[in-house]
Structure formats: C-alpha cells, structure tokens
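For the protein sequence lines, the chains are A and B, in the order given.
Position one of the first sequence corresponds to residue 74 (our numbering), numbered consecutively onward.
Position one of the second sequence corresponds to residue 3 (our numbering), numbered consecutively onward.
The hints are simulated quantities; they were obtained by calculation from the structure and are not laboratory data.
Keep in mind that this is a model prediction, so the values were computed, not measured.
Using N, Cα and C, we set each Cβ at its ideal position, and we do this for glycine too.
Zero decoy hints are in this set.
Okay, derived cross-link-like pairs now, SDA-like style, lysine to any residue, Cα gap no bigger than 20 Å in a straight line:
id	chain 1	residue 1	chain 2	residue 2
1	B	22	B	72
2	A	175	B	76
3	A	175	B	93
4	A	141	A	130
If you want the footprint, here are the derived chain B segments under chain A, 3+ residues with CB under 8 Å:
id	stretch
5	45-58
6	111-121
So these bits of chain A aren't anywhere near chain B, every CB distance computed over 10 Å:
id	residue
7	87
8	89
9	90
10	91
11	93
12	99
13	100
14	101
15	129
16	133
17	134
18	135
19	142
20	145
21	149
22	154
Now for the letters of each chain:
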Amino acid sequence: GESVGLHLPTLSVQEGDNSIINCAYSNSASDYFIWYKQESGKGPQFIIDIRSNMDKRQGQRVTVLLNKTVKHLSLQIAATQPGDSAVYFCAETKGGVQGAQKLVFGQGTRLTINP
Amino acid sequence: GAVVSQHPSRVICKSGTSVKIECRSLDFQATTMFWYRQFPKQSLMLMATSNEGSKATYEQGVEKDKFLINHASLTLSTLTVTSAHPEDSSFYICSARGDRGWWGANVLTFGAGSRLTVL
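Build the full structure now, drawing on both the sequences and the hints.
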C-alpha cells in the first residue's frame, strides 16, 4: 500500500547547528501533513503541520517545507539543542482539516545532538 | 492543551492472559480515538479507529477478536489484548481527536503509550 517514508534513519548534528529531516510520501491525494517528535518510551508529540495548499510554514525554531511536485516534506530545526534529540516522524492524511484522521506514519529519523 | 492519558504505562503478563489498556481524554471529549502499535525502532502502525458508541473499525490484518476495543464514553477507550502471546509484546499508543472546530483540529493528541511484555 501507499506509505510515507524517510530517506535517512539517523542524523547527527552539532549542538547549535541547524538540522534538516526529510520525508518522501507517495500518496498524491494526501492533503495534510504533520511532523511528530517522539522521545524514548513516550508517545509522539505534535511539532508542526502543513496543508497541501501551502509550501512553507514556520513555527518556533521549526520550519516545514512541502514540495508537492516531488512529494517531499522536510522539517528544519534551527539552532538545535540537546532536548531536540528524539525520533522524528512525518505523517500524512487526506480528507482535509475536518476530514479523515487516519494518519500514515513514516519510518522515522533518529536525531542525535552532539555537544 | 489537550491531554490524553494511558494506563498502565507498563504491563507484564503471562502468555494466555488478557490485558486491558485504557486511554482517556482528560480535558476534552474525544468522539474518535485511534490505537497504534509500535515495535522497537519502527514506526507507528494504525490498528483501529474507535468511535464513541459504535463498533471500532479495524485496519486490514488486525484481528478483531484478538484486540478488543471499547469506546463506551466520550472520554474513555479501552484496548484489550486477549489471550496474549509473546508476539503481542509491543508499545501500544492511543490518540484522540476532539471536535474543536478550528484549523488544526485535525491534529491528534497522543497518549504516552503502554508497553506490553508477554512472557
């Protein structure tokens, strides 16, 4: 079936540097994308989301970019901190904001921040 | 913000026994809840969608009789793993959606997860 996947399973960056986590999705019907952060032994935490009618959205220290042409999603974290170490998942769904809630999760990227 | 509580956070049981995991929305009414399963170093896989007052909708490949879901109230859904076996050992996570009506209401709030170990 269709799925959301990630290119890199692990990513290490120096504290203070910017990090970019990538995600490729295959379902062109998906219209809503979400990035989650999961720390060890915990449930996913919402980071940022974006709708398919947008190509960029910024939050606090995070930016999500959406390229529908190549079905690519990325999460940029600025000035990484030790607390950013976690596994990051992208997730997709279709049906609009009020629509279907079934999320398809990518495989995840483990981000490690080096001191 | 929305809070979803799961209980227990960890449970160890013997093979053949049944285990119940609770998922509660603490400060909002959750008309829909979702149950996921996560194996070590893997992604979350949706098991079923639980709707208050009706039968759960299971994803393909998920055994309904094995994973019993009950969503009897707007704040509580339960997942019962029946006749558990070692291969059922996993991290089970629930999420909930409330009818909030603003952009971003599509965002699910996840519980902290329940780690099941079947001996």
